[in-house]
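Asks: We have chain A; now place chain B onto it with these hints.
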Amino acid sequence: LAKTTQPISMDSYEGQEVNITCSHNNIATNDYITWYQQFPSQGPRFIIQGYKTKVTNEVASLFIPADRKSSTLSLPRVSLSDTAVYYCLVGDIGSGNKLVFGAGTILRVKS
Amino acid sequence: GAVVSQHPSRVICKSGTSVKIECRSLDFQATTMFWYRQFPKQSLMLMATSNEGSKATYEQGVEKDKFLINHASLTLSTLTVTSAHPEDSSFYICSALKTSGGDDTQYFGPGTRLTVL
Numbered sequence: 001l002a003k004t005t006q007p008i009s010m011d012s013y014e015g016q017e018v019n020i021t022c023s024h025n026n027i028a029t030n031d032y033i034t035w036y037q038q039f040p041s042q043g044p045r046f047i048i049q050g051y052k053t054k055v056t057n058e059v060a061s062l063f064i065p066a067d068r069k070s071s072t073l074s075l076p077r078v079s080l081s082d083t084a085v086y087y088c089l090v091g092d093i094g095s096g097n098k099l100v101f102g103a104g105t106i107l108r109v110k111s
Numbered sequence: 112g113a114v115v116s117q118h119p120s121r122v123i124c125k126s127g128t129s130v131k132i133e134c135r136s137l138d139f140q141a142t143t144m145f146w147y148r149q150f151p152k153q154s155l156m157l158m159a160t161s162n163e164g165s166k167a168t169y170e171q172g173v174e175k176d177k178f179l180i181n182h183a184s185l186t187l188s189t190l191t192v193t194s195a196h197p198e199d200s201s202f203y204i205c206s207a208l209k210t211s212g213g214d215d216t217q218y219f220g221p222g223t224r225l226t227v228l
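Heads up: the protein sequence lines correspond to chains A and B, in order.
Here this note's numbering is used: position 50 in the first sequence is 50, and no number is missing along the way.
Here this note's numbering is used: position 80 in the second sequence is 191, and no number is missing along the way.
Read the hints as simulated data drawn from the structure, not as lab findings.
Among the hints, a few may not be true.
In silico DSSO-like pairs for lysine-lysine, Cα to Cα no more than 30 Å straight-line [unchecked claim]:
id: 1; chain 1: B; residue 1: 209; chain 2: B; residue 2: 166
id: 2; chain 1: B; residue 1: 152; chain 2: A; residue 2: 98
id: 3; chain 1: A; residue 1: 3; chain 2: A; residue 2: 52
id: 4; chain 1: A; residue 1: 3; chain 2: B; residue 2: 125
id: 5; chain 1: B; residue 1: 152; chain 2: A; residue 2: 69
id: 6; chain 1: B; residue 1: 175; chain 2: A; residue 2: 54
id: 7; chain 1: A; residue 1: 54; chain 2: A; residue 2: 69
id: 8; chain 1: B; residue 1: 175; chain 2: A; residue 2: 3
Take a look, some chain A residues computed to stay more than 12 Å from chain B by CB distance [said to hold, decoys possible]:
id: 9; residue: 16
id: 10; residue: 17
id: 11; residue: 19
id: 12; residue: 21
id: 13; residue: 48
id: 14; residue: 70
id: 15; residue: 91
id: 16; residue: 98
Which residues of chain B face chain A? A partial, calculated answer using Cβ under 7 Å [stated by the list, open to error]:
id: 17; residue: 154
id: 18; residue: 197
id: 19; residue: 208
id: 20; residue: 215
id: 21; residue: 218
id: 22; residue: 219
id: 23; residue: 221
Quick caveat: nothing in here was measured; it's all calculated off a predicted structure.
By construction, the Cβ of each residue, glycine as well, lies at the ideal position given by its N, Cα and C atoms.
The following block holds chain A by itself, in its conformation from the complex (with noise of 0.2 Å):
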């Protein structure tokens, strides 16, 4: 499974957009990439998933390189709703899609 690194924090102000980027060096060929949001006492909520160049949905982008050694969530104009940990996470069908979940990325929107 390979392992996913992401800033242990960030602060951001109302309105602006946040990028969080995501490093996982040792992907493999068959692994994708999905983001998760999560508040305190819930389970985290599914935001995008992406397995190379860039997705976009409702709620976020991501952006994938080619060579796939990273990510980035991209959240326009956060709110203070959004403060939450966001994880990155790296699995694959060959593992039963595990999914292993790292520290994680603790967002702190201001007003």
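Replies: The following block gives chain B in isolation, referenced to the frame of chain A:
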């Protein structure tokens, strides 16, 4: 959608009793579900992989006789904490794997807070 529920949301029990936690995928079928445990201010730790119709696969260090997992249908997995002790107090979270055309995604339940007195 992809909704996963857990029941109960919180439970308090006496030491030595057993507690069952249910995990249901509400709008999709899941051959595979996962059970995690999360202690305060820590990340999620994978406990086991639950496979419908077969035995669960436990991570190293997780006692299979203490944490019984049953995945009897494509929408339900249960975790039973047997002879619970205060050190088993934790936040237990399940996830269900939704497969669709090569894109496999885990969707998580809301979690169950277990407190053992």
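Asks: Work down the list of hints and note, for each, if the structure agrees.
Replies: Going down the list of hints, with the structure as the test:
1. B:209 / B:166: 19 Å, holds
2. B:152 / A:98: 22 Å, holds
3. A:3 / A:52: Within the cut-off at roughly 18 Å; holds.
4. A:3 / B:125: 38 Å, violated
5. B:152 / A:69: 28 Å, holds
6. B:175 / A:54: 41 Å, violated
7. A:54 / A:69: 14 Å, holds
8. B:175 / A:3: The given pair, whose Cα atoms are some 26 Å apart, holds under the 30 Å limit.
9. 16: It holds; residue 16 (chain A) is separated from chain B by about 26 Å at its closest Cβ, greater than 12 Å.
10. 17: The claim holds: residue 17 (chain A) sits with its nearest Cβ about 25 Å from chain B, beyond 12 Å.
11. 19: Non-interface label stands for residue 19 (chain A): nearest chain B Cβ at 21 Å, farther than 12 Å.
12. 21: 18 Å, holds
13. 48: Per Cβ check, residue 48 (chain A) is inside 12 Å of chain B; nearest 10 Å; violated.
14. 70: 20 Å, holds
15. 91: Not fine: 8 Å to the nearest Cβ puts residue 91 (chain A) too close to chain B.
16. 98: The claim breaks: residue 98 (chain A) does not keep its Cβ more than 12 Å from every Cβ of chain B (closest is about 6 Å).
17. 154: Holds: closest Cβ of chain A sits about 4 Å from residue 154 (chain B), inside 7 Å.
18. 197: Residue 197 (chain B) check fails; min Cβ-Cβ to chain A is 19 Å, beyond 7 Å.
19. 208: Residue 208 (chain B) check passes; min Cβ-Cβ to chain A is 5 Å, inside 7 Å.
20. 215: Hint on residue 215 (chain B): holds, closest Cβ of chain A at ~5 Å, below 7 Å.
21. 218: Nearest chain A Cβ about 6 Å off; hint holds.
22. 219: 4 Å, holds
23. 221: Holds, because the Cβ-Cβ distance from residue 221 (chain B) to chain A comes to roughly 5 Å (cut-off 7 Å).
The structure does not agree with the numbered hints 4, 6, 13, 15, 16 and 18 stated previously, though it agrees with the rest.
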